[in-house]
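Participant: All chains, please: the whole structure from these sequences, using the hints.
From first to last, the protein sequence lines stand for chains A and B. Numbering-wise, the working numbering puts 235 at position 229 of the first sequence, and it's gapless, one number per residue. Numbering-wise, the working numbering puts 122 at position 116 of the second sequence, and it's gapless, one number per residue.
No lab work stands behind these hints, which were simulated from the structure alone. A portion of the hints provided could be inaccurate.
Unchecked claim - In silico PhoX-like pairs for lysine-lysine, Cα to Cα no more than 25 Å straight-line:
| id | chain 1 | residue 1 | chain 2 | residue 2 |
| --- | --- | --- | --- | --- |
| 1 | B | Lys170 | B | Lys98 |
| 2 | A | Lys153 | A | Lys183 |
| 3 | A | Lys98 | B | Lys202 |
| 4 | A | Lys212 | B | Lys74 |
Claimed, not checked - So the derived list for chain B, only partly shown, Cβ under 8 Å to chain A, looks like this:
| id | residue |
| --- | --- |
| 5 | Cys141 |
| 6 | Gln157 |
| 7 | Lys158 |
| 8 | Thr245 |
What the hints assert, rightly or not - Where chain B lies over chain A, by a calculated footprint (3+ residues, C-beta under 8 Å):
| id | stretch |
| --- | --- |
| 9 | 13-25 |
| 10 | 33-43 |
| 11 | 87-94 |
| 12 | 118-131 |
| 13 | 147-154 |
| 14 | 178-185 |
| 15 | 193-203 |
Even for Gly, the Cβ is constructed at its ideal location relative to N, Cα and C.
There are 2 protein chains.
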Amino acid sequence: MAKPLILVTNDDGITAPGLRSLVRFMSELGDVVVVAPDSPQSGMGHAITLDNTLYSTRMTSLGEDGAKEEYSCSGTPADCVKLGLQELLERKPDICVSGINHGSNSSINVIYSGTMSAAIEAGIEGIPAIGFSLCDYTWRADFEASKSFVQKIASEALLNGIPKGVVLNVNIPKLDKDNLKGIKVCRQARANWKEKFDKRTNPMGKDYYWLTGEFELLDKGEDTDEWALANGYISVVPTQFDLTAHHSIQQINTWNLNE
Amino acid sequence: MAKPLILVTNDDGITAPGLRSLVRFMSELGDVVVVAPDSPQSGMGHAITLDNTLYSTRMTSLGEDGAKEEYSCSGTPADCVKLGLQELLERKPDICVSGINHGSNSSINVIYSGTMSAAIEAGIEGIPAIGFSLCDYTWRADFEASKSFVQKIASEALLNGIPKGVVLNVNIPKLDKDNLKGIKVCRQARANWKEKFDKRTNPMGKDYYWLTGEFELLDKGEDTDEWALANGYISVVPTQFDLTAHHSIQQINTWNLNE
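Facilitator: What follows is the structure, encoded as structure tokens:
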């Protein structure tokens, strides 16, 4: 069988250790092509570049991790996937993997996640896609501990295919390899961020804010990604981009909208 | 009964005619406070500003449309909602409306939409929220035609409440008032963009790209937003931010993830 073609991207930028680890892990499963942002794009959500030019640069110096080809791109994670699929890859990849993100994209964080937006973009284009995130925001996080799990999930996705309209959101707890208990398929926990704005005054006397906040879990379910992570499991949430709240259509149809 | 407090925002920026129209329409329903980006933010998806300062400026010159207070903000639409709720509004608003966007956010466009990201952000914070978009990208689009419909949808949402975890994505076809047939509650049509990158060379000899594309409808259903819009109806899609593809959990649980 021909080796699978694997598109690797992320939102922390092409030099991020999380991406370099993912390139290494994936190179053992197939031919890797990297198309990743030239600078960090965290919190970019599903942004795309509509009103600006996009540059891509073929990199030659980053190949020691086993990638066949690497391109950096001036745009967002979603831009990288669009540009990769349309212009840079010689054929449709067999899978697109995004990450490994430096930091959690579990629960409501999926909404703000550049890592997941890249995977979702690939999913929209009909390519099996997975976003991987490690619940450790540090640059020198230990990605090695999750190697066999990341490879297992990607291999199973290649083997079984991912249902149409679905992409996987994988989060990995910050644990040693020996303490990782396994993989759980979960639903997204209900949660939000309790924002706190840190208000300051600049040297010119104008007020400005830094956005900070505290994660607030609103869900006691034991079938959620947050439960899995808190209990030592890697969480896999099948995630969809049909955002229709089908269950509420009937209710809204009781409104007097056309009278 | 006290007048409802209405937070108005958008992604085209605080001076956009679509927002000015929405402010006028909403001022007839309640007390309006505007918190909107100081510059256009289209295609920003659910981006938030994590690594930069946020400024907000209280505006005094824009009040002719009937808003009680107006603030421009240096951030994204999601930032505007966070900052508005946390720092600028005196109390939790009764509803948040975003738009009216200059251009469609129907179907898969919801994923890239700054207009909808603002509404979704409010929804996450437990506030009934609606994004409004007119399928006309021009700056001088006719927003007046939809006035009674926009007011009707907002009034019904204030009256009935919007189910928890749901925000409304409203799209308005580009038609005269007399040709608008009514309002339909729909599901999101399956579609994607067939990207085309327009490749050029800059004066320094470096290649760059403009992202362009063609909308590709992949769905023949008559219960979709695209069908409603094509047939003269305003579409209302209840949209959720629990992205879990619940229906696929069973299938992915058949994978050999823990062997």
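Participant: Among all the numbered hints in the text so far, which are the ones the structure does not match?
Facilitator: 5, 6, 9, 10, 13 and 14
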